[in-house]
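In case you want the letters, here they are:
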Amino acid sequence: MCGVCGCGEGLNHSHEHDHDHQHGDVHEHHHVRAHSHSQHHHHHEHNHSHGPAHAHAPGLTPARMVQIEQDILSANNRYAGDNRRYFGERGILALNLVSSPGSGKTTLLTETVLRLKDQIAMAVIEGDQQTARDADRIRATGVPAVQINTGKGCHLDAHRVGHALESLNLPEKSLLFIENVGNLVCPSAFDLGEAHKVVILSVTEGEDKPIKYPDMFHAADLMILNKTDLLPHLDFDVAQCIRYAKQVNPKIRVLQLSAKTGEGMDNWLQWLRAELALQGIGYA
Amino acid sequence: MHEMSLCESILQTLEQQAPLQNYAKVKTVWLEIGALAGVEIEALKFSFDLVVKGSLADAAKLEIIEIPGEAWCMPCGRNVPVRQLYDECPLCGSHQIQVSGGDQMRIKELEVE
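From first to last, the protein sequence lines stand for chains H and C.
For the first sequence, my numbering begins at 1 and goes up steadily by one.
For the second sequence, my numbering begins at 1 and goes up steadily by one.
So here's chain C without its partners, still in its complex pose:
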């Protein structure tokens, strides 16, 4: 359940940003989560509701922007879509692929008051 730690990190960032960006309440949080980031979205949502209780983001909505996985296939010399880390290249079947996108977890944007 490292989703709980992720949510604690998110809350920490929201609290740090509050005086800098001049807000007292967070209504919505948009996250970018890559398909290869190893994050269970349902667990993340569940943890988020628990972690933000009583904070400046109490009852805030969590919106997830899912980013598809992408890898560089060495034999093909191009980027190909992948759904899992052990996927083979959909073009040539090789496992000589290097993740090139979809492994991020970012706080993108907030709706605040």
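One chain only, chain H, in its complex shape:
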């Protein structure tokens, strides 16, 4: 076998040895003829790469195949893993709130923090394409909020959330709300390291949203049906909406509430307390 590249071609090597050498001489080996397989070069000035994907260039073109086998979102998922570890080690419950624009997310948040801020340490990461309007509304309640403007982007990613965590410096056993950009499509694909995605759907939007945007309802663990105070004025079919949601995600839980009137808010606060308690248990 050829000892240079292990290619299997080894016949007709003829080595002329000068056996008259003295001690300390170096053997000189001469190949009588070149290897017959044209695509392999054995000149040592040739820059062989012996990396994991090393391949001899076939024929004249140096093109070759490289196996990658990597998730497209692997970089995001690594950052999400870091965030999740950060939350786990501190017993912090992080929730990723997702919805279409205008579902009442920010009102739900301000009403929630007003009810809980004396009992639980809380903070909010606000994601919006532009402006700090929502973060300003949260800060008015006395709870720290960091605004991330995604600009042209349509969702938050784990890397940006990680940086926001540095400036928030959350205490242990606190509750972190990540208010994602209003968009029922894109945020579903991006893990931020949160414990749960919570999807908020208002009853003014139509009961078929769960099957129109199935990825988001599939990714969420809890659906909040908001603005229930408006139900008497609408022909929104609550039971059908819940059926659609369970069709996409049989395990999804559903809470009906009105952040504006406070109806149903107690169940939501109870869910938050229970999840926060669980978050502090069993993280290795």
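Just so you know, the hints here were simulated from the structure itself, not pulled from any lab data.
Keep in mind that this is a model prediction, so the values were computed, not measured.
Incorrect hints may have been included.
To be verified - Pulled a few chain C residues facing chain H out of the computed Cβ check, cut under 8 Å: (1) Ser-5; (2) Gln-21; (3) Lys-27; (4) Ser-55; (5) Gln-84; (6) Leu-85; (7) Gln-96; (8) Ser-100; (9) Met-105; (10) Arg-106; (11) Leu-110; (12) Glu-111; (13) Val-112; (14) Glu-113.
Note that beta-carbon positions come from the ideal geometry of N, C-alpha and C, so glycine has one too.
Assemble chain C onto chain H, guided by the hints.
Here is chain C on its own, set in the frame of chain H:
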């Protein structure tokens, strides 16, 4: 349009891998995209051409290997094909199904120089 972000992630991976795998130019990218991954293939192709412009993958070809959706049906106790997340089990009509395949988005292979 999270397809744009996906393409930016792809380009990032191609740039990271270039010195490791010893290439300077990417000619073709093969992606595995599951039917349940929530990716619009046409939007992905459109975004890809824009994102790779002027990079080491300028004018690279994008080849998509589509992976069919699959779910585990609890009542049937077996894997069944599904086309959408809200599909019912084609055997028993139940919605008690758990996605078991076809939700991936992977960079599979590259043709490089």
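Do the hints match the structure? See the list:
{"no.": "1", "hint": "Ser-5", "in the structure": "7 Å, holds"}
{"no.": "2", "hint": "Gln-21", "in the structure": "5 Å, holds"}
{"no.": "3", "hint": "Lys-27", "in the structure": "6 Å, holds"}
{"no.": "4", "hint": "Ser-55", "in the structure": "16 Å, violated"}
{"no.": "5", "hint": "Gln-84", "in the structure": "6 Å, holds"}
{"no.": "6", "hint": "Leu-85", "in the structure": "4 Å, holds"}
{"no.": "7", "hint": "Gln-96", "in the structure": "5 Å, holds"}
{"no.": "8", "hint": "Ser-100", "in the structure": "13 Å, violated"}
{"no.": "9", "hint": "Met-105", "in the structure": "4 Å, holds"}
{"no.": "10", "hint": "Arg-106", "in the structure": "6 Å, holds"}
{"no.": "11", "hint": "Leu-110", "in the structure": "5 Å, holds"}
{"no.": "12", "hint": "Glu-111", "in the structure": "6 Å, holds"}
{"no.": "13", "hint": "Val-112", "in the structure": "5 Å, holds"}
{"no.": "14", "hint": "Glu-113", "in the structure": "5 Å, holds"}
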